[in-house]
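Once you have looked at the hints, place chains B, C and D on chain A.
Residues per chain, in single letters:
4 protein chains.
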Amino acid sequence: MAFNLKCAVGASVFWPPADRVVSTGYKPAITEKDLFKSIGKVKEVEGVELFYPYDFKDVKTIRIVLNEIGMKVCAVGAGIFSEPKWQYGSVTSYDEKIRKEAMDICKESINAAAELGAKIFTFWPAHDGYDYYFQTDYKRKWYLIVESLRELAAINKEINIGIEYKAKEPRTHQIISSAAKALLISEETEMDNVGVIMDIGHSFICHENPAEEAVYLFNKNRLFHLHQNDNYADWDFDMMPASVHFWENIELFYWLYKLNYNGWINFDICPFREDAVKASELSIKNIKKIVNFVKKIDSSLYKKAIDNNNALINQEYIWDLLFKN
Amino acid sequence: MAFNLKCAVGASVFWPPADRVVSTGYKPAITEKDLFKSIGKVKEVEGVELFYPYDFKDVKTIRIVLNEIGMKVCAVGAGIFSEPKWQYGSVTSYDEKIRKEAMDICKESINAAAELGAKIFTFWPAHDGYDYYFQTDYKRKWYLIVESLRELAAINKEINIGIEYKAKEPRTHQIISSAAKALLISEETEMDNVGVIMDIGHSFICHENPAEEAVYLFNKNRLFHLHQNDNYADWDFDMMPASVHFWENIELFYWLYKLNYNGWINFDICPFREDAVKASELSIKNIKKIVNFVKKIDSSLYKKAIDNNNALINQEYIWDLLFKN
Amino acid sequence: MAFNLKCAVGASVFWPPADRVVSTGYKPAITEKDLFKSIGKVKEVEGVELFYPYDFKDVKTIRIVLNEIGMKVCAVGAGIFSEPKWQYGSVTSYDEKIRKEAMDICKESINAAAELGAKIFTFWPAHDGYDYYFQTDYKRKWYLIVESLRELAAINKEINIGIEYKAKEPRTHQIISSAAKALLISEETEMDNVGVIMDIGHSFICHENPAEEAVYLFNKNRLFHLHQNDNYADWDFDMMPASVHFWENIELFYWLYKLNYNGWINFDICPFREDAVKASELSIKNIKKIVNFVKKIDSSLYKKAIDNNNALINQEYIWDLLFKN
Amino acid sequence: MAFNLKCAVGASVFWPPADRVVSTGYKPAITEKDLFKSIGKVKEVEGVELFYPYDFKDVKTIRIVLNEIGMKVCAVGAGIFSEPKWQYGSVTSYDEKIRKEAMDICKESINAAAELGAKIFTFWPAHDGYDYYFQTDYKRKWYLIVESLRELAAINKEINIGIEYKAKEPRTHQIISSAAKALLISEETEMDNVGVIMDIGHSFICHENPAEEAVYLFNKNRLFHLHQNDNYADWDFDMMPASVHFWENIELFYWLYKLNYNGWINFDICPFREDAVKASELSIKNIKKIVNFVKKIDSSLYKKAIDNNNALINQEYIWDLLFKN
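Residue numbers (this note's numbering), protein chains in the order written: chain A, 191 to 515; chain B, 191 to 515; chain C, 191 to 515; chain D, 191 to 515.
This is chain A alone, in the form it adopts within the complex (with noise of 0.2 Å):
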């Protein structure tokens, strides 16, 4: 089966954005109504992805909402983030109330990706980490996110698991930090159905080269999902793809084409200063530009020259390449 581009948009990106700094907001509210008709608009989309309950409430209700949009949903994810009670962590808090109730939250977005048709749940332990030195008891965390996973894993083995790891944000410093963390953990729940979700601009924030990483999640057949943005590797800015990082994205797609990577793309920006839909449909627009270039890659010149470890061949064919497409 071939590479396709499938494309979803992520419900958060047209909310109104904020930060620490504009915290009321960069724009104005919106509803969730308006929100899901802006979502309907953007050209090339397929799929959505929810947070539950952040972008709906219950199934019934939202099934509706995208089936007049004509949206399928690739992933649901768990809101186990917004709110103040999360802040020193969710499946992994101390505090057993707490716990409990970010693993009902996963469960009942679990059943929900499942009703909802979508494959992936997006499991995102934002606050399930640390700020200071001698905060934290290293192996006690460990040990809450693997017995978790396992836990919400067995729930449902047709949906997929899907650990989306960052470095930092809203923490200084999160347990599950980088691609090779994620499949550690994967591998060490001993479920098949948990895996990684590749947030491009987070690869770039812990200095991975997407490519190397989502070479080895998908061999060892934990590359669930992908979420496409970008930044300057130092910070999550969530920008609109390849704009910072150009070559990277180019091998990066080189190998999911070769790899016949059959998942979706989520386009998960946040556009602070920038139209929503505009944004989403750019971003798009740019990758296709991408996907069809490395569809023009000659693979067996490629592979020559990958094979003889020269630096100059593909330099020179990738250039030329693009310079006359």
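FYI, nobody ran anything at the bench for these hints, they're computed from the structure. Just so it is clear, the structure is predicted and the values come from calculations on it, not from any experiment. The reader is advised that the hints may include incorrect statements.
Chain copies aren't distinguished; within one or between two, either way the pair holds.
Computed list of lysine-lysine pairs in PhoX-like fashion (alpha-carbon distance at most 25 Å, straight line) [as the list claims (entries may be wrong)]:
id : residue 1 : residue 2
1  : K493      : K287
2  : K475      : K262
3  : K329      : K493
4  : K347      : K494
5  : K514      : K485
6  : K275      : K494
7  : K297      : K448
8  : K247      : K475
9  : K486      : K514
10 : K262      : K329
11 : K262      : K347
12 : K275      : K514
13 : K475      : K486
14 : K217      : K494
15 : K514      : K478
16 : K514      : K250
17 : K227      : K486
18 : K227      : K494
19 : K196      : K227
20 : K494      : K250
21 : K275      : K468
22 : K250      : K309
23 : K231      : K262
Same frame as chain A, now just chains B, C and D:
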């Protein structure tokens, strides 16, 4: 005149902190009255840094409030960042109406500083920068910032205009990103009362060694004010000072002490998950330990080592002193 | 069994250091004999880490030399990096001749380790990586490294194969770049005697918190050996340990102490401009201060703080303890 | 006068590269004669940058060599870094003998530049910095560097003294670490012929956006010369230009073109594992593609976008232009 730790806190430390993830805030809302009551409780603090009109609306009222808690004002800053109207810049906005509004708030802040007995106007041009490549006329932005500073400096030559440089946040790139740029721009105004506020956390973010930067700023008579906080050199997490960077703070305070820096030190942390009063007190307590420590350093020994380029002598001397103090 | 600082030095510390700029070396040439005489002078050191065939050519001769200076061997590493023939990789070379030569040196080093009473084989695949994008078949490289390690591990199950991970230098990217990747690859070999050498400097370069990584490596029984040195988290300058990262080392040794880590610590600095004997001694002296310090930490107090997610308690406790010690 | 790509190569590109790991060099030794023969083979190159006395010992001889290969000299630099005697600094050395020797070599290099028809003296104070905290009298170092530059600038006002700033290597910290510092120091000399050499790779290392820095250096009449190479923003690997940073180079050359920069561009790569002639040619060929590309950008469209702070317009325009060119 000898170096003395003159401590202030920012009023902003005591407002409920928020970020992109928990935009409604990590702590309950607080009234202005309760906020200043909290500030009044912090031990060892003589002054407060205020942003107009965020922390106070008129001079008369705030003067009463401050008298009640027995606090001086070390600096007044311009509130030109928290509303979405500033998102494309304040004094460098291309929208003349926005630009004028920003300049007006700056002028009112300068006047308020004078009336409240503060010597420093804090100029933090938060949104005056850019996010994407191909988005900016760099020459025009530089010109506008210099012209604005020149104009502000002329309002009241008794008030020092302190540029709080910062590399990023809320924009991915801010115009005045480093100590050297802040000094360049200060000198370009040809006004003696334009200089630099070193926020130690900002200094780490742009990979400076604060001691080194403080020395040349001081020697140019442009080191006007200090903000103290810490981070992991990637993002402005505004943690407690020296909780990450220990030696850097010891070297910084050694030189502040030797140079007889006699300005304020504003403890400008952002205690997302910590009690603001306790975190402020601990910040001051820990920095006092450092100040007491550097006073024990024998300058003639220290000087002998640095005059000989010898790295080992002071590495041994400082460690020995620390572990037997 | 209690934690005890068991100190070694690398023979490489005592060779004249060179870099790209001063490629002929910062110090005069030294004979092998004088080198080991220097090592013999370093106080508090019980062992030495050797690279075969760079530091010794045959077991019999080196045994005599080491007896003379009264040193044990903590680890033997494979010299598969200093000659230009290795520039495209050693055990992952696509040139079968090079690959075999690399494997042979590894095998001889493992045998030498056994004969010399060392428990650790140091595996540092320096050139096994890439420089440019579009230069590498990531899957093939990963496969080759795992296969090589499996083969090496089978030679002598009494010898622990320690992967010294490193993100960069001499390549811009090395395959085994982080602690998590080193552990992943160790586990993939399905051999109990493949594990990790944490070089603390390498850990900083890939933006790890060494304490956090050491804990999970230890809990997986794969923390085989430690190298101590420091840098500014950008490049492997191999400076004296804790000269930059102070708190990080305190937290690291706290956990090594609590976990009863009983391996060696090899002081593996590169004193470009400093006397190698003096710099080694000072490195050990300073780390001893840290070890003595962490032994004073009341674990029940420490634990109570971390069980409550509270950042302030230990920040205050550790500072108080340090400044009255 | 219109912008024209005037290409040079550094002679150092063609010497066998070495680093800390392969200190004997990645390539066989080469004679001076063969080196210049290699340079003569590089297509599209009009000039060469030379370091005295590393690349030539006397003007008369090198003039003959250069005539034979038909090369001009774009710049002459001072060879004050490759011998161990410089390890604590050159013109800022506290050893008067070393300092004088460094100044003498600088003076001879300036004279050689004049005799060879070059307009630029390359000043790269490699070891003038520090490694450890507590090792440096920052004020004294700053003073010495300014005084030295003032003295050198007075020798021949027709020769531009170009400061090649760099944040690190061979020291962990160099005094003139950024474009802004290089400009500050240039202005402090009060000499019009002291200015800045932007090495694009060095610019990335200190996290600058080269376009932004080039614009204000140019507007201050202090952008004297450019070096082209690339890296991953962590270490000066001197890779082929734009092989990592693509958009950054497009924006840089857009502004160089608009500003009519008419200096040289020296392709100053370090091809550790690549053929020097081929890598130089490919570097130039790729940058030519970029130059041709930026000439197609409609400045009135570009300007309209940046005058409106709009990030999307140029992101779309530039991508559309690139993928149909």
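Run through the hints listed earlier and report the numbers of any the structure violates, in increasing order.
Hints 4, 7, 8, 10, 12, 16, 17, 18 and 20 not satisfied by this model.
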